[in-house]
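Generate coordinates for the entire structure from the input sequences, incorporating the hints supplied.
Chains as they are written, first to last, in this note's numbering: chain A, 968 to 1092; chain B, 592 to 703.
Any given hint could be a false lead.
Said to hold, decoys possible - Here are the simulated DSS-like cross-link-like pairs (lysine-lysine), alpha carbons at most 25 Å apart as the crow flies:
1. LYS980/A x LYS1012/A
2. LYS670/B x LYS703/B
3. LYS670/B x LYS1040/A
4. LYS1026/A x LYS1044/A
5. LYS980/A x LYS1044/A
6. LYS1026/A x LYS670/B
7. LYS646/B x LYS703/B
8. LYS1040/A x LYS1026/A
9. LYS670/B x LYS646/B
10. LYS1012/A x LYS670/B
11. LYS1033/A x LYS1012/A
12. LYS1012/A x LYS703/B
Unchecked claim - What the simulated footprint calls covered on chain A by chain B, stretch by stretch (three residues with Cβ under 8 Å from a Cβ of chain B suffice, anywhere in the stretch; the number is not a length):
13. 1008–1016
14. 1028–1040
15. 1074–1080
As the list claims (entries may be wrong) - Covered stretches of chain B, going by a simulated chain A footprint (3 or more residues, C-beta under 8 Å):
16. 619–631
17. 653–667
Just so you know, the hints here were simulated from the structure itself, not pulled from any lab data. For glycine and all other residues, C-beta sits at the position ideal for the given N, C-alpha and C.
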Amino acid sequence: QVTLRESGPALVKPTQTLTLTCTFSGFSLSSSGMCVSWIRQPPGKALEWLARIDWDDDKFYSTSLKTRLTISKDTSKNQVVLTMTNMDPVDTATYYCARIWGAYNSGNHLAFDYWGQGTLVTVSS
Amino acid sequence: DIVMTQTPLSSPVTLGQPASISCRSSQSLLHGDGNTYLSWLQQRPGQPPRLLIYKISNRFSGVPDRFSGTGAGTDFTLKISRVEAEDVGIYYCMQATQFPHTFGQGTKLEIK
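Here is the structure:
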């Protein structure tokens, strides 16, 4: 059974750095083709893709946010960590992690098949 | 970045009637490996998104067959053959052909 769970602070102050952890089970990030992404959703708004880390440690970022984001993994702990620097009230959102089979030329579906429940992060002084 | 544009943004539908949502990408989603990585997700109120369709037309495990996807290149459609009450929510298309992956702005399906 595949599960993902996001954890981190519910409230951060402007200019602070946010650190979120995705803890997963039911799959291994060392399996070829396996990837985990972070996606966020401001209240009442659309989904926004943030970052992805792959089984081979390749990393990809949102164009508009790449200077502020860092994604990393700890395969032994089944965790993926996202840090976002210089938080602003516009970053208030529910942050999701999701699994994706992400290898091209391999028959993978390249779609987010399992999601965590999300964690709401509010940025306010 | 590839821009994904959905229409309509809101779709009131009568129970038992069909519904259709369009998604257009600013560039072709055909990847060099011959696949088109366009997927559809459903987000029910208060829930995380749920995968419905991947690679244009493949239903994910457990998805009812009243959901279907079609399209090619830059134009894609999600169809619900007969809308049920549990289909209420927001539907998103998403492309993973290129980085960064991008989502459409969402289409709200509601019952008349």
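Checked hints:
Distance hint between LYS980/A and LYS1012/A is fulfilled; the C-alpha atoms sit about 22 Å from each other, no more than 25 Å. Of the pairs offered as hints, the one joining LYS670/B and LYS703/B holds, with about 17 Å between alpha carbons and a cut-off of 25 Å not exceeded. Using a Cα cut-off of 25 Å, the hinted pair LYS670/B and LYS1040/A is violated, with the two alpha carbons roughly 38 Å apart. Between the alpha carbons of LYS1026/A and LYS1044/A the distance comes to roughly 19 Å, so the proposed pair stays at or under 25 Å and holds.
Pair hint LYS980/A plus LYS1044/A does not hold up; C-alpha atoms about 29 Å apart against a cutoff of 25 Å. At roughly 34 Å between alpha-carbon atoms, LYS1026/A and LYS670/B are farther apart than 25 Å, so this suggested pair is violated. A hinted pair counts as satisfied when its Cα atoms are at most 25 Å apart, and LYS646/B with LYS703/B does not qualify at roughly 31 Å. Between LYS1040/A and LYS1026/A, the direct Cα distance comes to roughly 10 Å. Compliance with the 25 Å bound is thereby established for this hinted pair.
Proposed proximity of LYS670/B and LYS646/B is supported: the alpha carbons are some 15 Å apart, at most 25 Å. Annotation: proposed proximity of LYS1012/A to LYS670/B holds, straight-line Cα distance about 23 Å (limit 25 Å). Among the hinted pairs, LYS1033/A with LYS1012/A is consistent with the structure: their alpha-carbon atoms are about 21 Å apart, no more than 25 Å. A hinted pair counts as satisfied when its Cα atoms are at most 25 Å apart, and LYS1012/A with LYS703/B qualifies at roughly 22 Å.
Counting residues of the stretch 1008–1016 of chain A whose CB falls under 8 Å from any CB of chain B gives 4; the rule of at least 3 is met. With 3 residues having a Cβ less than 8 Å from any Cβ of chain B, the stretch 1028–1040 of chain A passes the three-residue criterion, so the hint holds. Counting residues of the stretch 1074–1080 of chain A whose beta carbon lies closer than 8 Å to any beta carbon of chain B gives 5, which reaches the threshold of three, so the coverage claim holds. Coverage of a stretch by a chain is defined here by at least three residues with a beta carbon nearer than 8 Å to that chain's beta carbons; for the stretch 619–631 of chain B and chain A the count is 6, and the condition holds.
Look at the stretch 653–667 of chain B against chain A: 0 of its residues bring a Cβ nearer than 8 Å to a Cβ of that chain, fewer than three, so the hint is violated.
The structure fails hints 3, 5, 6, 7, 17 (numbered hints given earlier, in ascending order).
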